[in-house]
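Engineer: Sequence:
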Amino acid sequence: EECLKKYNVSFDPLTNFVYNSTQVGVFASLSDPEGNDFGSLWAPTLYSAVETWGKESIICNGDDAGANVIGGIMVSNEADETNTETAALAIAAYLKGITYFQMYREKSKAYLNEFYVEQGFPPLSPEALDIEFSRPL
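First residue of the sequence shown? That's 396 in the numbering used here, and the numbers climb one at a time after it.
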């Protein structure tokens, strides 16, 4: 809503809508002259948008909205209570991945770039990869 206020647009769920798609779909729609004019992207898709259309293409971000945008691990209450071993294994796998990223940054950047290209995006620039890996894990 803060981003809408920035442009003097009031939030109304009957007239404002969210286009629900994958990041590849949103990027493709933004790239299509007949597609959507607005979309929400996050890293690393955001880096492709900036490399394609320039930094001025970002009209609102978490800082503008007064929000910290972070990730996390979520489980439902039911899963946590009935599958504690599975939840513990998932958290351990996540932490192992983070440890790997920290220990082998260059190899991890290559893996991220490879995954990103497999999803249909152009390769990330070395600068974009540096930004992605400079964020807190």
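Note that these hints are calculated values from the structure, not bench results.
No experiment lies behind these values; they were computed from the predicted model shown.
Treat the hints with caution; some may be incorrect.
Unchecked claim - Derived BS3-like pairs: lysine-lysine, alpha-carbon spacing no greater than 30 Å straight-line: (1) 450 - 504; (2) 491 - 450; (3) 491 - 504; (4) 502 - 450; (5) 401 - 450; (6) 502 - 491.
Claimed, not checked - Derived CB-CB ranges, DEER-like: (7) 416 - 456: 17 to 25 Å; (8) 427 - 458: 36 to 44 Å; (9) 513 - 397: 17 to 25 Å; (10) 489 - 514: 17 to 25 Å; (11) 401 - 492: 17 to 25 Å; (12) 416 - 453: 15 to 23 Å; (13) 429 - 497: 17 to 25 Å; (14) 472 - 506: 30 to 38 Å; (15) 499 - 397: 31 to 39 Å; (16) 525 - 453: 33 to 41 Å; (17) 515 - 481: 29 to 37 Å; (18) 473 - 496: 16 to 24 Å; (19) 399 - 438: 21 to 29 Å; (20) 486 - 424: 29 to 37 Å.
Every residue, glycine too, gets a C-beta built ideally from N, C-alpha and C.
Engineer: All hints are to be evaluated individually against the structure, with a verdict given for each.
Structural biologist: So, going through the hints one by one against the coordinates:
Restraint check for residue 450 and residue 504: the C-alpha separation of about 22 Å stays at or below 30 Å, so the hint holds. Restraint check: the Cα-Cα separation between residue 491 and residue 450 comes to about 34 Å, which exceeds 30 Å; the hinted pair is violated. With a CA separation close to 16 Å, the supplied pair residue 491 and residue 504 stays within the 30 Å bound. For the hint linking residue 502 to residue 450, the alpha-carbon distance of about 27 Å falls within 30 Å, and the restraint holds.
Taken as a hint, the residue 401 and residue 450 pair is honoured in the structure, with Cα atoms around 18 Å apart against an allowance of 30 Å. For the suggested pair residue 502 and residue 491, the alpha carbons sit about 15 Å apart, so the restraint of at most 30 Å is met. The hint said 17 to 25 Å for the Cβ distance between residue 416 and residue 456, and at roughly 20 Å that hint holds. In this structure the supplied range 36 to 44 Å is violated for residue 427 paired with residue 458, their Cβ-Cβ distance being about 28 Å.
At roughly 35 Å, the beta carbons of residue 513 and residue 397 sit outside the given window of 17 to 25 Å. Taking 17 to 25 Å as the suggested C-beta distance range, the pair residue 489 and residue 514 conforms, at roughly 20 Å. Our hint of 17 to 25 Å for residue 401 and residue 492 is violated, since their Cβ atoms are close to 36 Å apart. Between residue 416 and residue 453 the beta carbon distance is about 19 Å. The supplied range of 15 to 23 Å therefore holds.
Here the CB-CB span from residue 429 to residue 497 is close to 43 Å, at odds with the stated 17 to 25 Å. Look at residue 472 against residue 506: about 33 Å separates their beta carbons, and that is inside 30 to 38 Å. With their beta carbons about 38 Å apart, residue 499 and residue 397 fall inside the hinted range of 31 to 39 Å. For the hinted restraint 33 to 41 Å between residue 525 and residue 453, the CB-CB distance of approximately 18 Å leaves it violated.
Distance hint for residue 515 and residue 481: a CB-CB separation of about 31 Å, consistent with the stated range 29 to 37 Å. Between residue 473 and residue 496 the beta carbons are some 30 Å apart, a value that contradicts the proposed interval 16 to 24 Å. The hint said 21 to 29 Å for the Cβ distance between residue 399 and residue 438, and at roughly 22 Å that hint holds. For the pair residue 486 and residue 424, the beta carbons lie near 35 Å from each other, so the given range of 29 to 37 Å is met.
Of the numbered hints listed earlier, those contradicted by the structure are 2, 8, 9, 11, 13, 16, 18.
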